[in-house]
Amino acid sequence: MRLSRAVAVAASALLSVTALAACAQETTTPSPQATGVDACAPENLTLKNPGVLTVGTSKPAFPPYVIDDDPTNGEGLESALAYAVAEQLGFSTDQVQWTFAPFAKLFQPGDKDYDFALNQISISPKRAQQVDFSTPYYSAPQAILALKANGVADATTIADLQGAKIGVQTGTTSLDFVEAVIQPTQDVAVFQDTNAAKQAINNGQIDAFVTDLPTALYITAVQIPKSTVVGQFESQTEADQWGLVVQKGSALTACVNEALAALTESGQLQDITNQWMADYTEAPVIS
Amino acid sequence: MTESPGPVVDPARLSVVRRKGRRDMTVATVSTVLFFLVLGYVVASAPGWPAVQASFFNLDDARASWPKIWPAFLLNVKIFLIAEPIILALALTIAVLRGLRAPVLAPLRVVATIYTDIIRGIPTILLVFLMGFGVPALQLQGLTNSELFWGTVALIVSYSAYVAEVFRAGIESVHPSQRAAARSLGLNNGQGLRYVILPQAVRRVVPPLLNDFISLQKDTALVSLLGVVEVFNASTIYANSTFTYTSLVVAALLFIALTVPMARFTDWVSARMSRQQQG
Numbered sequence: 001m002r003l004s005r006a007v008a009v010a011a012s013a014l015l016s017v018t019a020l021a022a023c024a025q026e027t028t029t030p031s032p033q034a035t036g037v038d039a040c041a042p043e044n045l046t047l048k049n050p051g052v053l054t055v056g057t058s059k060p061a062f063p064p065y066v067i068d069d070d071p072t073n074g075e076g077l078e079s080a081l082a083y084a085v086a087e088q089l090g091f092s093t094d095q096v097q098w099t100f101a102p103f104a105k106l107f108q109p110g111d112k113d114y115d116f117a118l119n120q121i122s123i124s125p126k127r128a129q130q131v132d133f134s135t136p137y138y139s140a141p142q143a144i145l146a147l148k149a150n151g152v153a154d155a156t157t158i159a160d161l162q163g164a165k166i167g168v169q170t171g172t173t174s175l176d177f178v179e180a181v182i183q184p185t186q187d188v189a190v191f192q193d194t195n196a197a198k199q200a201i202n203n204g205q206i207d208a209f210v211t212d213l214p215t216a217l218y219i220t221a222v223q224i225p226k227s228t229v230v231g232q233f234e235s236q237t238e239a240d241q242w243g244l245v246v247q248k249g250s251a252l253t254a255c256v257n258e259a260l261a262a263l264t265e266s267g268q269l270q271d272i273t274n275q276w277m278a279d280y281t282e283a284p285v286i287s
Numbered sequence: 001m002t003e004s005p006g007p008v009v010d011p012a013r014l015s016v017v018r019r020k021g022r023r024d025m026t027v028a029t030v031s032t033v034l035f036f037l038v039l040g041y042v043v044a045s046a047p048g049w050p051a052v053q054a055s056f057f058n059l060d061d062a063r064a065s066w067p068k069i070w071p072a073f074l075l076n077v078k079i080f081l082i083a084e085p086i087i088l089a090l091a092l093t094i095a096v097l098r099g100l101r102a103p104v105l106a107p108l109r110v111v112a113t114i115y116t117d118i119i120r121g122i123p124t125i126l127l128v129f130l131m132g133f134g135v136p137a138l139q140l141q142g143l144t145n146s147e148l149f150w151g152t153v154a155l156i157v158s159y160s161a162y163v164a165e166v167f168r169a170g171i172e173s174v175h176p177s178q179r180a181a182a183r184s185l186g187l188n189n190g191q192g193l194r195y196v197i198l199p200q201a202v203r204r205v206v207p208p209l210l211n212d213f214i215s216l217q218k219d220t221a222l223v224s225l226l227g228v229v230e231v232f233n234a235s236t237i238y239a240n241s242t243f244t245y246t247s248l249v250v251a252a253l254l255f256i257a258l259t260v261p262m263a264r265f266t267d268w269v270s271a272r273m274s275r276q277q278q279g
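Chains as they are written, first to last, in this note's numbering: chain A, 1 to 287; chain B, 1 to 279.
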């Protein structure tokens, strides 16, 4: 997956153009070009560990975001994206270090354990008061899954779902979505992780689980074969856009955004997305 | 208690004692105030304090999370109020079973001993998880799958084992001569236990019992593991969706508001009992 030297040079040329454009708009950040120094070069970045880009994600991490629970293999949307961003910033593959970033620790005040973290973290204005978000790199609709044997599996409208006992994972936008859109008559169960939710589905303690579509498709295909994705919901708001999390006020945020802009420009972000997410977009639409 | 003329005290000596008392009081007050001022200064002057304040002690977030947190906290109180009487009854039964002496009842004694040994050996958090997801996984007919129900059952199971040991300690602290005395009055073993041993035993263990109650009030938060939206879950939902920790502080304050009066009450009961025993 490594970019060749030539491509890297071309990309960084492109990057400096976009950086220039970005700096023209953002007067608050010091312009790297003005001083003749590339503020985003690895040697000029203030990093958690000098010379190394430390990336945080969850553990266990699941496909299609990370394959085999091993982010270092460069496979899966978020693993591949992290390496692509690192490459844009000028880090080699072995200069990328992964660390476990538990969700509740993502927004701990003070110094972070990572330079940036990614774990399907939805961008919201409220959250952005505590951390910096990059520009979004992916967006997925919400979806609902249930055991094939459960009556909920036949639902085609939101009204069909209202009587179901629904579970969600904490820290996701799913709870807000369920309460605002489905408005179930029973209390929503909120689990600390997807494993607990999967157990509850298997036990029949909840009828259905609402999560993002790719996760729902992965769970039904691999983890709970006797379950099925009942359907996906029409994408609601921008709340479902995912971004990289960077320490509040960090100079790295602008650099990461430049890297993402370059990856978008070059089509590489689209390639990564196509490679890992293409199988995770199909499901009937519930309205 | 009969009225007796108090010991004769030299008035000069008395005023010295009173003055010393006032001085001690002043010193204690000043040192306490000073201590908290210094502590407050150290915390507030820490480099990370503004960030911590914005994340942990934000009044806007406290207000915004309150409508979600308060009803969830009432669920904790409900779990506690339901679990506690059952725990008391179950624990007392186990303690009495462990104290049975008739050879024919040996199996009951063994079962009670194994129960307390094993259950006390399992962290409550594991027991909640294992029972909350494990029992419904058995797919037994006629049993509820409610995670709230099984979470509460796990708390009852866990705490009964601890409280049973408290009761047993109380029973064993009653001098054997009391049992003999009951027998000599013509009471049989059961009556002796009921009218002589248990009243003394239970009275002695009231402070440690209250201590376990306080502990249980806080451990009701463990059912959050099962997806039940009680106060810990409700406050982490708010925390995770806003990336702030203030809602967790609100939850902590609610627990304090519940447990501190209980702790004061425990102290008061212990103090009263030790006065009674001495007097």
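Just so you know, these hints were derived from the structure itself, not from any lab. Treat the hints with care, as some may be off.
Stated by the list, open to error - Below, a list of computed lysine-lysine pairs in the DSSO-like style, where the Cα atoms sit at most 30 Å apart:
#  : chain 1 : residue 1 : chain 2 : residue 2
1  : A       : LYS59     : B       : LYS20
2  : B       : LYS68     : A       : LYS248
3  : A       : LYS226    : A       : LYS105
4  : A       : LYS48     : A       : LYS105
5  : A       : LYS59     : A       : LYS198
6  : A       : LYS105    : A       : LYS126
7  : A       : LYS59     : B       : LYS218
8  : B       : LYS218    : B       : LYS20
9  : B       : LYS218    : A       : LYS105
10 : A       : LYS198    : B       : LYS78
11 : B       : LYS68     : A       : LYS126
Status of each hint after checking the structure:
1. LYS59(A) to LYS20(B): Since the Cα atoms of LYS59(A) and LYS20(B) sit roughly 62 Å apart, the hinted pair is violated (cutoff 30 Å).
2. LYS68(B) to LYS248(A): Roughly 27 Å separates the two Cα atoms, so the pair holds.
3. LYS226(A) to LYS105(A): Not OK: LYS226(A) and LYS105(A) at ~34 Å, beyond 30 Å, violated.
4. LYS48(A) to LYS105(A): Holds, at about 15 Å.
5. LYS59(A) to LYS198(A): It holds: about 16 Å lies between the C-alpha atoms, which stays within 30 Å.
6. LYS105(A) to LYS126(A): 17 Å, holds
7. LYS59(A) to LYS218(B): Holds: LYS59(A) and LYS218(B) sit about 28 Å apart, inside 30 Å.
8. LYS218(B) to LYS20(B): 42 Å, violated
9. LYS218(B) to LYS105(A): This hinted pair holds, its Cα atoms lying about 23 Å apart.
10. LYS198(A) to LYS78(B): 27 Å, holds
11. LYS68(B) to LYS126(A): 17 Å, holds
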